[in-house]
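Chemist: Residue numbers (the numbering used here), protein chains in the order written: chain A, 1 to 265; chain B, 1001 to 1383.
No wet-lab data here; the hints were simulated from the structure. Any given hint could be a false lead.
As the list claims (entries may be wrong) - Derived DEER-like restraints, expressed as beta-carbon distance ranges:
#, chain 1, residue 1, chain 2, residue 2, range
1, B, G1102, A, D144, 33 to 41 Å
2, B, R1224, A, R215, 35 to 43 Å
3, A, R215, B, V1157, 50 to 58 Å
4, A, D144, B, G1358, 48 to 56 Å
Quick reminder that beta carbons are idealized off the backbone N, C-alpha and C, glycines included.
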Amino acid sequence: MIRRDAPRDGNGRPVRHDGSGQEVLGQVRVEEVQVDDAVLELVVLPADDADGTRDGAGDEAAALAWVAARRADTPPVQVPLYGTTVIWSPCRAAILAPHAALVAVREALLDFARCDAALRRLEGEAGLLLGRLDEDAPCAVEFDERHIERQASLEERFRRSVRLRADLADLAPAVLRPPVHPPTLAAQLGERLRERTRLADRLEFVQAKADVLDRVYDLCAQRVGDFAIARRHLRLEWVIIVLLAAELVVLLVEVLAGLGTTPTP
Amino acid sequence: MTSAPTAARARDEAARLPSIDVLRTVAICLMIVVHFVENLAATHDAWSLAMNRWMPAGAAAPLFTFLAGVNYRLWCTQRIARGTPAAALSKATIRRGLFLIGTGFAFNVLVWLPEDTFNWDVLTFVGIALISLDVVRRMPVSAVALALVLVLLTSPVLRVVADYPSYWSRSWFDYDVALSDVVLGCLVVGYFPLAPWLVFPWAGYLATPLIFGGDASACGGMRRPLLATAALGALSAVACLVWPHLPAGLRIGATDGWTMFPASTAYILGSLAIAMLSLTVLHRLLDRGPSSASTASLVHWTGPFSRHSFSIYVLHHLVHIWPLWIAGLVVGDDPTALWQVAMPAPVALALALACIVGCIALFAWVDRDRLPSLEGAMRWLCD
């Protein structure tokens, strides 16, 4: 986990809205947390500041602006619950929560962020593999000498397709986990985030894509395997044919030499 | 504007490999020189006898047949890349093979006279080899290698079984026109019998990816072909060393184990090593920059020779054998009266050089005016 100090104003107080939202979180540290393959910038703001200087509504707006500033194309997801607010986008997140709940909420958010990042990676991978499907699908029907140069790439995509399926199987329990009983603030926030980002639906879509990939690449692997076995058999058959042909030639020469009307030298 | 045939020819020119053109030209020139000196002057006098002994006889045929295998593989690769179906490739191959066999028999009748129709000379051999390559093309590499080794190892035994020496008198293949002799001639005892001469085109076919790699115009590594060459050379030396210790029946031909008729194991392995080494080195030297001025000039001179090798093979026989027969009939009753005694070796050598120069001029004219040639007829009939 990496920590870095966020910029602050001359009096050490948080700077309010400046457009980008970066400076507003003046005295608060921005953490960079590795979630799956991505890095999440996280800000944790206590909602019950002891000196009374914190402006709750202003902090929330500033945090929202800060989170939204990184990826303008993806609107942040904002989940308010019992005086706690979590604002999340794939690259940035902010937590505004009472001191007592901060740690648990932070863990719940990171748990969700890991699931989302993993799912995003798998969505991307499934998209890439599906993009090559038209090219590879004919090999599921027939694989012969003409396709031999594609064997390595097919094997690689088969391996990726299996990896995708394994990762999805690995991810599913985290995405589809049942609600915690008795409910806690952190658990409920996690559930809300999963609902708002439709993790379960997205997982299902990726699984559907993985099903298609499975079917095609399973068949391709089968064809490649069959071809390799057929080649081995063919080699053996040709060796037998060659040996039989050699025996036949020796026999023929023997017979012809016996019949021969060889001239006297 | 470029006409379609001209464009096709330009494309064909661009696709040619200078290494193959040069090596085939060397093989043809050697063949012309050896044939002229041997057929016209070998036993004319002591000086001619000595000169004939120093002629590189036995160097051209292995190169020529090895290149037939190399060329066939490159031709197949090119055709497959252009989308030619396998069946069409087979048809073209078999037609070409049959064309060569037919031309070979016609050549035997017209040049060597009808009693030598079934002497199994190089043209009939290349025709059969071409048809065999259509089978080899479908075989796994390991099976071809096994077949090659079997042909190499069984040939000396087959010669013993067939009683090879009884078919050869005064260095000529002497047979009766009977089915057994004709078939044995083709298989074991003729001038270029399938056992062991099939080794050359098959080895050429197998060695092509080794020498040229995946892309014929790119320069492949030299390590593997050089290792193969070294191994073949070493095996040839071993075969020569073992030769005196072999049973007397197996030692047919020269005392040192290096004979072309019959093609001894040492001769085959050594010739293969020479052919592979030459092609590898030439490929390295010439094919890297086919558009450079020196290489382009080399292709300009050797291209016609290589392109018309088939025609030149027939033509050079016609221009020295027919006059020899006619002169024999004039001076005596036998057309072979002047065989090997027609003139001194230096004169025969000069005539061979004149023939080479004449061929350069003739086939430059044939190319320029697109006159018919045997190769053109083969393509027209078979492709």
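Chemist: Determine for every hint whether it applies to the structure shown.
Modeler: Going through the hints against the structure:
1. G1102/B / D144/A: 33 to 41 Å: For D144/A against G1102/B, whose Cβ atoms are near 34 Å apart, the range 33 to 41 Å holds.
2. R1224/B / R215/A: 35 to 43 Å: Holds: the Cβ-Cβ distance is about 41 Å, inside 35 to 43 Å.
3. R215/A / V1157/B: 50 to 58 Å: holds (57 Å)
4. D144/A / G1358/B: 48 to 56 Å: holds (50 Å)
Comparing the model with each numbered hint stated earlier shows that all of them hold.
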